[in-house]
Amino acid sequence: MRNVAIILALALLAAVATGQDEAAKSTDTVWENTSYRVKATVPAGWTQTGKEPKSRGSWVELAAFGESRSEAKLTISVQASRFPNADSMIKWQREQFEKDSGLAVLRDEVRPATKRTPKGVLFEYTYQYQRKPQHAVAAYWVHRERRYRVYATVREVGWKTIASDIRAIVKSVEFTSRAFSKEIHNYTDEAKNFRLYFPEGWTVKLPARGPRVQFTSAKRGVAVWVYTDSSTGKLDSDWTRHLRSLGDADAKIAKKTDPTRHPALGVEVGAVEYTKMIDGKLYRYRESVLTHRNVFYRVVLAAADPAFVGGVSDYEAMVKSIAFMR
Amino acid sequence: MSEVRHAATIVEVFPMRLGGEVLLDVTIRPDVEDGFPDPRPNDLLVLASGEELKIWAAPKISHPKGSVQFNVQFQAASVTEVTLEEGMAVALQPR
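Here the protein sequences line up with chains X and F, keeping their order.
Using my numbering, the first residue of the first sequence is number 2, and each one after it goes up by one.
Using my numbering, the first residue of the second sequence is number 276, and each one after it goes up by one.
By construction, these hints were calculated from the structure, which means they are not laboratory data.
We put the beta carbon where it would ideally sit given N, CA and C, even for glycine.
You can take every hint at face value.
Pulled from the structure, derived: some chain X residues nowhere near chain F, Cβ distances all over 12 Å:
1. Thr189
2. Val205
3. Pro208
4. Ala209
5. Ala219
6. Gly222
7. Thr233
8. Asp237
9. His243
10. Arg294
11. Arg299
12. Ala308
13. Met326
Derived lysine to aspartate or glutamate pairs resembling EDC-like cross-links, with alpha carbons at most 16 Å apart:
14. X:Lys235 with X:Asp259
15. X:Lys100 with F:Glu296
16. X:Lys133 with F:Glu360
17. X:Lys55 with F:Glu287
Hey, can you work out the whole structure from these sequences and the hints?
Here's what the structure looks like:
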């Protein structure tokens, strides 16, 4: 029965289509700074005027763009951040805009976290420059101890013609670092007191029976399951009992690492790799097992050979990210 | 303050007006490259009208397409009242 469930789960993997981001129009230009791993899509009509990062006061301007008809200018900048989180940055930024009497804020909008950006804030406002009204947009995000800003300004007379472009550029900003994925793809199980990160491209399912949670990567054709069971309270005992159960289930153990202390978790973690033949097909498994507060956890990577190898790196990152709330 | 003035032309003016931040970023191109000094904080940018603007920061020298350009920045809000436009003749007066 369990084998059938595994086969069904793996068959499901092949059928699941990967989610794709909205495709940029062919006339758009995708700009990316690979050092900071920040990216934006710039519509046709805009040209990049500044390609080399340059200092702008306390900011480093990563890129500058201009639109010739409206004479709009837009920059993407970064600076070291002293803000511990988005909320503190948004609060401080609001205070700055509120107390600046030289500006008339038209819109103050918290931008919720998305798959690609942390929570941020956007201000749309007008001001006088050389006695002429200007329109501006400034959007801010805090990400990995840095503050990012998209700033655009245009004469008020040109605003209407370019507003949708500016909004689209702000909306297109995304952070592509793996660390960002860690922040947004966290799976938390309050009842079983654990959480872990799962990478981009993996989907989560809560099966009715069997594992506590199932992560699948359709692209790689692999699955990761987290099982929880009652514990004896000592990993040594749980570990021995588990190895015995694997033998009973006809698993062919290829490699095992007896429990050693996990530096981040502060608990002992054991690992075992094994194979099983299911309906004439070879499946490979890797498990990390640990005991915490009388719960026995098993994080299992499973795939038909040879797809297994393609899932190892993501699996290791997931195991490394496991944390307990209590 | 030196009395020597070095002629230049404004290439770009970029007002950076944000909550709590007022910065005017001006790119100038020397009319004659030889002998044109690197702008420094507290140097003056002198306009054709005679107005003198004190440079707050001169952060970067750029060399687009082989020519030399300088970015100079002004921080005071009052600078935003002065007309600075692309193509305007100015002069850099070192302190």
